[in-house]
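Visitor: Each chain, letter by letter, is given below.
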Amino acid sequence: MNYKELTVRFCGIAGDGIVSSSRIISGACADAGLHVMVNDIYSAEIRGLGKSTSTIRFSGSKVYSMGDGINALVGLAQQESIDEIEDIREGGSVIYDSSSPADIPETESLASHIPPEVNGYGIPLKTLANQASGSNRGRNIVSMGALCHLYGLPKTIFINQIEKIFKRKGDKVVESNLTAFELGYEYCQNQYPLNNLFVMDKKAKPLQIISGNEAVAHGAMDCGLKFFAGYPITPATKIMEITAKELPKLNGWTIQVEDEIAAIGAVLGASFTGTRAMTATAGPGLSLMSELINLSVMAEISAVIVNVQRGGPATGLPTKVEQGDLNISLYGGAGDSPRVVMAPTCSKDCYTSIQAAFDLAEKYQTPVIFLSDLFLGQRLETDDIKRNINYKKSTRIKPTRQQLKNYQRYALTEDGVSPLIVPGEDGAFYSITGLAHNTAGNPNFESEVHLTMTQKRFRKFKSMVKDLPPVEIIGDADADIGIACWGSTYGAIFEGMQIARHNGVKTKMIKSIMIYPQDEESFKTFFASCKKIIVFEMNFQGQYAALLKSTYNIKPVEVHIPSVDPVSPAKIAAKIMEVNHELTQ
Amino acid sequence: MNYKELTVRFCGIAGDGIVSSSRIISGACADAGLHVMVNDIYSAEIRGLGKSTSTIRFSGSKVYSMGDGINALVGLAQQESIDEIEDIREGGSVIYDSSSPADIPETESLASHIPPEVNGYGIPLKTLANQASGSNRGRNIVSMGALCHLYGLPKTIFINQIEKIFKRKGDKVVESNLTAFELGYEYCQNQYPLNNLFVMDKKAKPLQIISGNEAVAHGAMDCGLKFFAGYPITPATKIMEITAKELPKLNGWTIQVEDEIAAIGAVLGASFTGTRAMTATAGPGLSLMSELINLSVMAEISAVIVNVQRGGPATGLPTKVEQGDLNISLYGGAGDSPRVVMAPTCSKDCYTSIQAAFDLAEKYQTPVIFLSDLFLGQRLETDDIKRNINYKKSTRIKPTRQQLKNYQRYALTEDGVSPLIVPGEDGAFYSITGLAHNTAGNPNFESEVHLTMTQKRFRKFKSMVKDLPPVEIIGDADADIGIACWGSTYGAIFEGMQIARHNGVKTKMIKSIMIYPQDEESFKTFFASCKKIIVFEMNFQGQYAALLKSTYNIKPVEVHIPSVDPVSPAKIAAKIMEVNHELTQ
Amino acid sequence: MNSLNKRAVLEGLERAKIKNKSKWRDILPTWCPGCGHFTALNGLYEAALDLKIPEKNFVVVSGIGCSGRFPFFIKGFGFHALHGRALPIATGIKIANPELTVIVVGGDGDGVGIGGGHFPHAVRNNLDITYILLDNSIYGLTKGQVSPTSPVGMISGTTPYGNIARPINPTTLALAYGATFVARVFSRERQDVSDLIKQALQHKGFSLIHDLSPCVEFNRLITYKSWNQVVGKFPEDYKADNRTLALQYAESKEPVYLGLFLKENIPTFNDHVKQIFKKIDSTEKS
Amino acid sequence: MNSLNKRAVLEGLERAKIKNKSKWRDILPTWCPGCGHFTALNGLYEAALDLKIPEKNFVVVSGIGCSGRFPFFIKGFGFHALHGRALPIATGIKIANPELTVIVVGGDGDGVGIGGGHFPHAVRNNLDITYILLDNSIYGLTKGQVSPTSPVGMISGTTPYGNIARPINPTTLALAYGATFVARVFSRERQDVSDLIKQALQHKGFSLIHDLSPCVEFNRLITYKSWNQVVGKFPEDYKADNRTLALQYAESKEPVYLGLFLKENIPTFNDHVKQIFKKIDSTEKS
Ligand SMILES: Cc1ncc(C[n+]2csc(CCOP(=O)(O)OP(=O)(O)O)c2C)c(N)n1
Ligand SMILES: Cc1ncc(C[n+]2csc(CCOP(=O)(O)OP(=O)(O)O)c2C)c(N)n1
Ligand code: SF4
Ligand code: SF4
Ligand SMILES: [Mg+2]
Ligand SMILES: [Mg+2]
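Protein chains in written order, with my numbering: chain A, 1 to 585; chain B, 586 to 1170; chain C, 1171 to 1456; chain D, 1457 to 1742.
Isolated chain A (complex conformation) (with noise of 0.2 Å):
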């Protein structure tokens, strides 16, 4: 069979060089061209033991999601993989070790779980590795051997491959798992005939390839981050990580805090500075910087706060996805407490809408919640970023001389923005406070002056309307079906549309990276032109169905997916086809 896309899984224990093999067969496609999105599932159990999977799609064109199921499962522990098996098509193929004497009992064997119509390929990784090495390490390579091998996949990009990310490591280890990699290809090319073909463009240009985390990261210093605080929390701990190594590179610090009490308020401090600052959490941590975001907002201090959803409430699911924290963040102040929300919907969106999310941050002096998400922030993406470290900044409004001299901190101005200087410059001072004041800054309790002051917040959302990103409309204009979304789950949708497509039913979908404030008159014209609305988000309640509700005066089928491994493109498709056909009886 021919395939212009493959998805393989590597499924195994800690040692069994599960996210090294996925990180050569990834680093091969995009080199070749390919376009890839990889997926890696830990459990967080058993430390040091437990159970790891990483599944990398790739094809000639652009990959929107994980798909639906493999079509390739390595078995590197055995017993782990055979839960994976049912994620395998028909025709799809497992390989697992065939090393005599074998670990196990035969019947706890990966091998005697194959359903027939399965294809089970035995390759004796142990022996072929130990011959290779010396010892049971290069495994994974053997497999890899054998992969490109049964899939007709193109030996020289795997050979660059592993010279590329072994080299550091010296010749000898670069040399033995080039052997490793021959003898798991021979052995393959003698005893199994080539039923599976993969059919690439051999002219594609290399791709790059990056996760959301990275991409999040980058995308803050190319645009000028100097700041960053933070509190390790899965699955954000990676950004800080980046930056903590970076910024000093390019005169910016990092600084682990004792809390993420302590990591908003130092982000505070040092953007009252005039500092690009940030901090990066997952909810958990959110959760405590409620206090400081609100402050945040009182005193107008602009800060960028990326928070990367994991599953909840509470400490919930540290290592699954789920699109809980839309609430919170929107509506997790005290008080009447506007604050920008965003959400990126794949790398290339991490780094282009956080420099963006910086930008209405600083011009708008206020804070911005970020939410990126475990799928989206751990996920490898092939993806066109282009670097722009020459981001046009939008800077904070400064006064002119003549507003210097009886300067006012929160000056009332049309656009509620107010010109500002910060400590170290000359001309002015003023303090600011979580209290309610006046223009000078000054605490204030008349309700006169709390009305205009509120007004003046909440005018900002409005002028900001004008330098949001645009919404994009995607899929068919005449489609009767209307789809809203917002964040990761964009891919699988956006794949579940193609589907409904292609069995004769169109859609169109609103694709908004703002979810507060949003660009309301391209919603409202938007909504008007569909005779019915669905909203998919991974989340019980049904978060962000309730904002469009509330928003928009629409009552559209909600599609409610809590914490799952990556969601399914087939089943938004099989949505999309139920709610048509109730549209059309």
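Treat each hint with caution, since some may be false.
Result set (DSS-like, lysine-lysine): computed pairs, CA atoms no more than 27 Å apart in a straight line [stated by the list, open to error]:
id	chain 1	residue 1	chain 2	residue 2
1	A	532	A	508
2	A	531	B	1041
3	A	555	B	1041
4	C	1313	B	830
5	B	1047	A	555
6	D	1599	B	754
Over 10 Å on every C-beta distance to chain B, these chain C residues come out as not near it, computed from the model [said to hold, decoys possible]:
id	residue
7	1227
8	1270
9	1291
10	1374
11	1433
12	1436
13	1441
In short, the hints are calculated from the structure, not lab data.
A quick note: this is a predicted structure, and the numbers were derived from the prediction, not measured.
Heads up, the beta-carbon is just placed ideally off N, CA and C, and yes, glycines get one too.
Please arrange chains B, C and D with the ligands on chain A, whose structure you already have, making use of the hints.
Guide: Chains B, C and D with the ligands in isolation, oriented as in the chain A frame:
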């Protein structure tokens, strides 16, 4: 002129005896069977020096709000009182100090600011006070004597109250205060004709006077509260001060802890042992509790969290009222985090519904956020509260002997509530966690288990509907205009409805202590019966309106009133008239 | 858990030399084989057995971290709370039901980082609880970032150029806060760990067990070996009754003393409460 | 503010003997006449004048409390933050712009109660900031509840039967956390307050000024008079260079020592950062 209702305001600075004057009048009125509402306003600005006012509204029939304007102003601090003049209704009076020599220049005096339509009554307060006690101290009592005469109020009720209040300070103090009162009374008698007469029912039974904070504290203790942990914060501290004093008499305890995080933590710990536990705070504290409230949701630990709302966001307006914490109460938890939210409308509600709050918390193993506010918490009110110490406690359901055998802490049941034993009880043990978990309580991150347990947690909120305090429909059943409001604004709106009806416009209102969950059927029926819906609330965003819109798909007229001193019934009526005008055009 | 993992975990337990399994729950520890935390678990098993504390009265409260998983591995009631919040929760438990034996377990990050604000207050109240602080000078569960007890210069994911903040010493803190029982133990010294946990449980008042409990997975600097080179015992005549002296010993870097630093008997929080109840009862009667 | 209040406040300032008014903002202090906090305000005025710190570089960060209103009464940039959160905010400010002179002001409740979790970490980092802790052993702004520095037995709104928790000593804490400059002053000793604040501002590293600053409105137990009876000066030969000794003096109840307990010079946080920048620059060049 004859009055059946009067509103009197004392205005002064620290030391002027504003509060004690107000307590004497209100106590006297309540003892005489009059209905009273008292509202104190302190300036938060100058410690020990700031201006404060106390306004007392009393009437032969039930008083639901502070009404509009005042009848009499007693200006104990002259300059401070000038601003208050504008609140005086036509024909009203100002009592001011006419002692000579005067403290302040003529132009700065209160007298010089009294407009022609208001009657000024100069009384040598200082002189008479000195005559009575040898010091300035009794000026407030002198003025009370004056007031008593000027409005033809029965002298005896004041005399009794003065004796009652000063008794514990000794006979001499009682004596000199009685003299001060008498001197004020006599001076007026000699100086001014009797223009006004307060008409009252001599046979009314004495009423009880109580603030919302007191009602909450006593309601909780009367229904089994045994543990309180808190951190001081305006305007909630009073609740803790009461429980600190009273709980030990009931073998319970109150602990002031290091912050609000510790407060809710200790409450969850105490509740874990089966103890009825509570904390009370305001917006900044509630923000800090967000993470542990989520733990309460996830681990299903009963807890009652009283939030006495003040103006926000951030430190905001500590001494002003606002209804801005609805959003954070409903949506302030990361993940899908359902919690009960209730809002009482008056002191009586505070007493009865804090007991309902405990019932829901205990039976359904859930946190309950009880949204009082500064106005409701601090105002004094005569309310006919039936003390209920034999409150039929709805306890946590115990497991049967059968269920104990293989005890599952989070056993799945029809109503979502799992039978519970607590530490110290025999038969089984278990651990609870904020991680996703299975029915045994052990960590588990499988999607299906998470879905099942999420459904269980939300199912409790459906089951709860049968146990909710019922909604009430108030006003004219056949009215076209339907009103929704929540919390302490109720009283002013109720009176606004009366005014509107007086002007020929009928309305009806749905009164619900429950914000979430709600008896949705009743709401739907109510809204369906209205041609126009108005939602009134005391915040800028329209937080309750947003909830109603997304839940009931309605398009109400929203009236947002951010932080003000008590809401004006007249303005409510005006708004109703306006809506009626549009409707009938 | 499938049998392969199960075998590996059992191997870990074996390696940790946990023998007395009668206090085990049916849940197997999730820790890496060799993790220092096993020793305290064993110590608590032994102490609970020796003292015959009934399971219904045995409550273990923990924070989040590898250390935080403790309650699931021992028979009794458990409260796996939030990161840093075990002490306030234990406070509520102990005041609400003084009959319960309350043990708090948490890591260095949990107790001195995010939860550091609660520590002095639990001590000030002299609640009759035992706090076992499992100190591995690293954030284990989040895979190896510096903690408040990590040394200056330590390289970690978030300190690629070396840790700047000076480490804080939990033993010193407890003494400075006024704890009435302060001991430091080392997870390699199995018997001492068990003995001191037992003494701590017997102590009336707030007791700290500061356990040097290496993370074998993420900390390459602070290890069994590195501790082994610096730990030492108190002089024979050391009497654990002088706070100033105890502070001095606590601060010593070489040797790092192991054992009981201080024990002091003053009324506990619940003793005070009982006193007040009595006073109220008598005035109500009079 | 109307003229009556204004007069009263001015009277308060007069009583507080604040003379040097050139650092005043146009906002009058909101404190009660006689409040101890005036003295530190005066001390900071004088130190800032003496050291000629330009207003544009002068940043006062504060928590919430009567003490927290500080920034509004002094010329320079001010950040009136949230209750307990001044130190983390100051951390961000100082790292982001090392040129600024950063002063943190807060109460005993603010710094040792709700904000107590941040205190050790600001110290550990040895940020070059000055922390003025205005200790009146009471929650002033919320009208008189016990604070973490209130004595056992103290009756207050929330402790009608007497405070149970033992007080904590901010001087001791700073020493135990490793602060490099620790001084205790008393608001009655105006000159000493000014002098030590000045020294603290000059110190490179984290400095604590623990100011015994009575609340004349709500604390009837800890007053100018009560302190006056117990305060005392160090012996002539006391050298503020030994942490162990300093801890011992800090814990003394009679006398309660006033003055400089410890001063130590080690690199500040920003010194470390600068070092790392240099290293990176040189490796990038090489
Ligand atoms: C509020 C919050 N922030 C961050 C985390 C992530 N987190 C879990 S455990 C941990 C630190 C663990 O370190 P430690 O307390 O030393 O325990 P160890 O794992 O080393 O035993 C962190 C940061 C969390 N669960 N909650
Ligand atoms: C999160 C939060 N909790 C509580 C409060 C209420 N509050 C304001 S100031 C204060 C304590 C003040 O005491 P302290 O810090 O000692 O300062 P002082 O007024 O005595 O100078 C409290 C509890 C608040 N503002 N924010
Ligand atoms: S990661 Fe470290 S602390 Fe956690 S279980 Fe493994 S060895 Fe123990
Ligand atoms: S209440 Fe106390 S601390 Fe506050 S200003 Fe008055 S004297 Fe000072
Ligand atoms: Mg640790
Ligand atoms: Mg104080």
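Visitor: Determine for every hint whether it applies to the structure shown.
Guide: Status of each hint after checking the structure:
no. : hint           : result
1   : A:532 / A:508  : holds (11 Å)
2   : A:531 / B:1041 : violated (34 Å)
3   : A:555 / B:1041 : holds (26 Å)
4   : C:1313 / B:830 : violated (48 Å)
5   : B:1047 / A:555 : holds (21 Å)
6   : D:1599 / B:754 : holds (23 Å)
7   : 1227           : violated (6 Å)
8   : 1270           : violated (6 Å)
9   : 1291           : violated (4 Å)
10  : 1374           : holds (19 Å)
11  : 1433           : holds (25 Å)
12  : 1436           : holds (18 Å)
13  : 1441           : holds (13 Å)
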